[in-house]
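Engineer: Listed here are the chains, written in short residue letters.
Number of protein chains: 2
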Amino acid sequence: MNKESSGVMWRQQFLRHANLGLSLQAQVRQMVVGVVLEGQWPTSLAIPSSRELAEMLGLARNTVVIAYQHLVDEGYLIAYERRGYFSNPALMQQIKHPPRQAQDVDPSQRPDWAQRFRFDPAAQLNITKKANWRQYSYPFIYGQFDQESFPSAAWRACCMATLSTLEVSEWAQDMFLRDDEGLIKQLRLRVLPRRGVWVNDNELVITVGAQHALYLLADLLVSPNCVVGLEDPGYPDARNIFLSRTEQVQPLAIDDEGLILNEALLAQCDYVYVTPSHQSPTTVRMSLERKKELLVLAQKHDFIVIEDDYESENCLTNEASPSLKSLDHAGRVIYISSVSKVLAPGIRMGYVAADPILVQRLRAIRRLNIRHPTAYMQRVFAQFLSLGHYDVVLRKRAALLSEKATTLMQALDQYLPILKYQYISGGAACWVECPPQMKAHELAAAAEQRGVLIEVGDVFFVKNTENQHFFRLGFASIPNHKIEAGIRELSAVVRSLYGVEQEPSLQAV
Amino acid sequence: MNKESSGVMWRQQFLRHANLGLSLQAQVRQMVVGVVLEGQWPTSLAIPSSRELAEMLGLARNTVVIAYQHLVDEGYLIAYERRGYFSNPALMQQIKHPPRQAQDVDPSQRPDWAQRFRFDPAAQLNITKKANWRQYSYPFIYGQFDQESFPSAAWRACCMATLSTLEVSEWAQDMFLRDDEGLIKQLRLRVLPRRGVWVNDNELVITVGAQHALYLLADLLVSPNCVVGLEDPGYPDARNIFLSRTEQVQPLAIDDEGLILNEALLAQCDYVYVTPSHQSPTTVRMSLERKKELLVLAQKHDFIVIEDDYESENCLTNEASPSLKSLDHAGRVIYISSVSKVLAPGIRMGYVAADPILVQRLRAIRRLNIRHPTAYMQRVFAQFLSLGHYDVVLRKRAALLSEKATTLMQALDQYLPILKYQYISGGAACWVECPPQMKAHELAAAAEQRGVLIEVGDVFFVKNTENQHFFRLGFASIPNHKIEAGIRELSAVVRSLYGVEQEPSLQAV
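Going down the list, the protein sequences come from chains A and B.
For what it's worth, my numbering labels the leading residue of the first sequence as 1202, then goes sequentially.
For what it's worth, my numbering labels the leading residue of the second sequence as 1202, then goes sequentially.
To be clear, the hints were calculated from the coordinates, so they are not data collected in a lab.
Bear in mind the structure is a predicted one, so any value in this text is a computation, not a measurement.
Any given hint could be a false lead.
If chains are identical, the list can't say which one is meant, so a pair holds when it fits in one copy or spans any two.
To be verified - Below 25 Å or equal to it, Euclidean Cα-Cα: the simulated DSS-like pairs (lysine-lysine) are:
1) Lys1640 to Lys1664
2) Lys1621 to Lys1501
3) Lys1597 to Lys1640
4) Lys1493 to Lys1664
5) Lys1640 to Lys1386
6) Lys1683 to Lys1664
7) Lys1664 to Lys1501
8) Lys1386 to Lys1331
9) Lys1386 to Lys1330
10) Lys1683 to Lys1597
11) Lys1501 to Lys1683
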């Protein structure tokens, strides 16, 4: 290969491996490893000298020298006096690929997978989110990452501290029987008490997010003959999880005080799943009276209450109302929550507080399922909590969200008075009901054309086809300054679709 | 509180929060946050000045000054001219705990949990490991962390790069529908080809370790009327996972060529779970002939083969034999493996390569289960692979393990010739059979008294009570220089228990 074509090849490779997250030295390493491993450079030929490569790529020579040196130390390259750097044949031997085989499958032999599925999870109705939501001007979506309130520096520091050799030897182990003591302590002493919940170590188990807790509970407790009561409208993934274990789900209606306590219906249930702190999706908070009454009924009719406190911390008024668990003296409430939701959904960290007998079984089935949640993340979180960063995030986020909630409600009053919405007392979304003539799907599709993303509400209902005029406006991910313009845009969409005439300035609010 | 008692209190608190993983400044922060949050300091009283605290704790004043400044910036503390630092009442308001409630449960009201469990995962037979195994001189245990071969620096660097703001905004999202493209690419181009497996993006799904893959497969595919064929002896967690879905598990015997292909038994199976690269626990490698024949039978009798390649990379001879998946042209093999096992079990990262139809359903049931594996870890791994660190670890570890394997087999030949062991061709454990008069439980208990940990083998058998004279010697976690002494110690235990007379020096090997 002549010098010119070689130069072109290396430059192309370098561009291919360009990665802003990495140092130039690391990028050089990544490129050389790639070229060598993928056999794009003859093993018989010396790779360019550090001087040559530095020139080709316009880098400081030292950058290349150090990258090469590491690769020599680790056996990728061998340096020969006056002959230069070569890929190490021993390594090539070890990593050489068997000849590529055609993996084409003979269709006639292909198994009939469809008839093998116990149930079809892909067919379940669910919330869909655009992966490219960031490219829309007004993403009123729920539960996505809110960069504004993420404490990057603090989080990074905790990750760093958790990467010390001492720490690594702790979390690198197979910890299938226990959770990180530090995290358990923080949850017991700092997090749960705010919800009025005081538990012992043997009453807590860590999960990969609140939803994971729900899945393990369903797998452990719900057999096909069980009846599970669910809020309607309610959290679709919860409904799907229970439907994967039993066909007998009992929809339970909601009003402004939360779950309506229909004793006849509740009496049939073995389990009742509720989101009392702010109901999903309406964000309605269950009244204290209802909470107490629900526990009485649970006792009377021997059902178990699963309390999903997924957004407890994210409360816009000053006093959070007590959790069901804090009122439970019969051990009938299984409390599940998430610590990562307020921080970043991608982190996935939740927990269950419940009867020790149940917690022991949950840990055992968790072992079957995933052995244990990555211990590294558990320790990072323990640290993050112990340094008080969590409290700072909560405060910052609560302030940010209540500001946004106010902006949103004002904008709705001003530009879309024809819509009914649930007053936002907490959470990060607004539940909206359109007049019967409007179809949320229609509206969402038209709005998307104008850069406004809203979440259609039918998926939250058991009878989704009969509930076509609801939608949800999430406001965690959209910046405050864009909310009003977004709602104005949405009102334009409404006018163009339904010709609802309204002069914003003349609107009585 | 007078200065002296206050000094004592702060010193005690500082000791309580001592943490080698943290900088002194962070430790001061942790202490102050703790004291303030847990209300151990009157809010009306100024906390010690930076000078006072520095003196009390014998720290550089600047350490305390900076810690205080951060806490002021974040609203924990308020600094008043000439009056000093006070805890911020607003924050205290936000985080104040409801009065501690007696969570005592009235036993008479406590639900009868036992009758609610669909099955009892805690009652399943399983491998047990001492959490304090490090405190034993000779821990011959399997699958624990091997500090020697863990590339701390490289791993830390990858974690760091993945914590850049740019990266964070990528992985912090709720990624329930997709996996990290970088990791998928690395697995497709760098990892799977070594096993002769070439797949497309839609044929791969990431899991929280190989076991997680197995659990999802069982939940998706195995109903109570399914028959699942399992190696016997075999991996207990796999057996437990399938037993949680069906009672019909079919034990399949093993010999020196791996799974014995009993067509009559295999014909009854809907699924056959195998560990061909080195069988768990015997480490026997399935012969190429048997692999091919198994696939023919799968086709003939319409069963699916689940290939657990959990330790494929960890092979002590030079040529790894091809995976079943690489020989499969009927799309009947579901390939599962782990990338984290060779690195650190605590990291938990695995994947499934299979038919796109199945992979789509696996991603959907994974969404129900945990939504998705922490995206942060996926990206760290993608980086770790792309920089070639993974290859370095594999080489280093393979060298280390084959060295240990040789030492172990020599020691067994010399000191315990009365034991039969399976020649170690790969993996990180040696499967040992005692003469009938020996009981592995007895031996393990006595050995533990002398600081030698061995793993009793009965748990690997379906009929565990009838297989009391097997045990396993793991050698990943014990350093090479301790192996011989450990085996000598074990032989002493054997002599003392069974009076087997043997002069090591006179032993013919």
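Engineer: Hint by hint, say whether it matches the structure.
Structural biologist: For each hint, the structure was consulted:
In this homomeric assembly, Lys1640 and Lys1664 come within 25 Å of each other (Cα to Cα) only inside a single copy, at 15 Å, whereas the closest approach across copies is 61 Å. Proximity of Lys1621 and Lys1501 under a CA criterion of 25 Å is satisfied in neither setting, with 37 Å inside one chain copy and 62 Å between copies. Within a single copy, Lys1597 and Lys1640 get their C-alpha atoms no closer than 36 Å, and across copies no closer than 62 Å, so neither meets the 25 Å cut-off. For the identical chains of this complex, Lys1493 and Lys1664 are neighbours neither inside a copy (29 Å) nor across copies (51 Å), given an alpha-carbon limit of 25 Å.
For the homomeric pair Lys1640 and Lys1386, neither the shortest alpha-carbon distance inside one copy (49 Å) nor that between copies (41 Å) is at most 25 Å. Taking identical chains as interchangeable, the C-alpha atoms of Lys1683 and Lys1664 are never at most 25 Å apart, the minima being 34 Å within one chain and 66 Å between chains. Within a single copy, Lys1664 and Lys1501 get their C-alpha atoms no closer than 29 Å, and across copies no closer than 45 Å, so neither meets the 25 Å cut-off. For the homomeric pair Lys1386 and Lys1331, the shortest alpha-carbon distance between copies (22 Å) is at most 25 Å, but the shortest distance inside one copy (38 Å) is not.
Proximity of Lys1386 and Lys1330 under a CA criterion of 25 Å is satisfied inter-copy only: 24 Å between copies versus 36 Å inside one chain copy. Proximity of Lys1683 to Lys1597 under the C-alpha cut-off of 25 Å is restricted to the intra-copy arrangement: shortest distance 19 Å within a copy versus 54 Å between copies. In the homo-oligomer, the alpha carbons of Lys1501 and Lys1683 never lie at most 25 Å apart, since the shortest distance is 50 Å inside one protomer and 62 Å across protomers.
Checked against the numbered hints above, the structure violates hints 2, 3, 4, 5, 6, 7 and 11; every other hint is satisfied.
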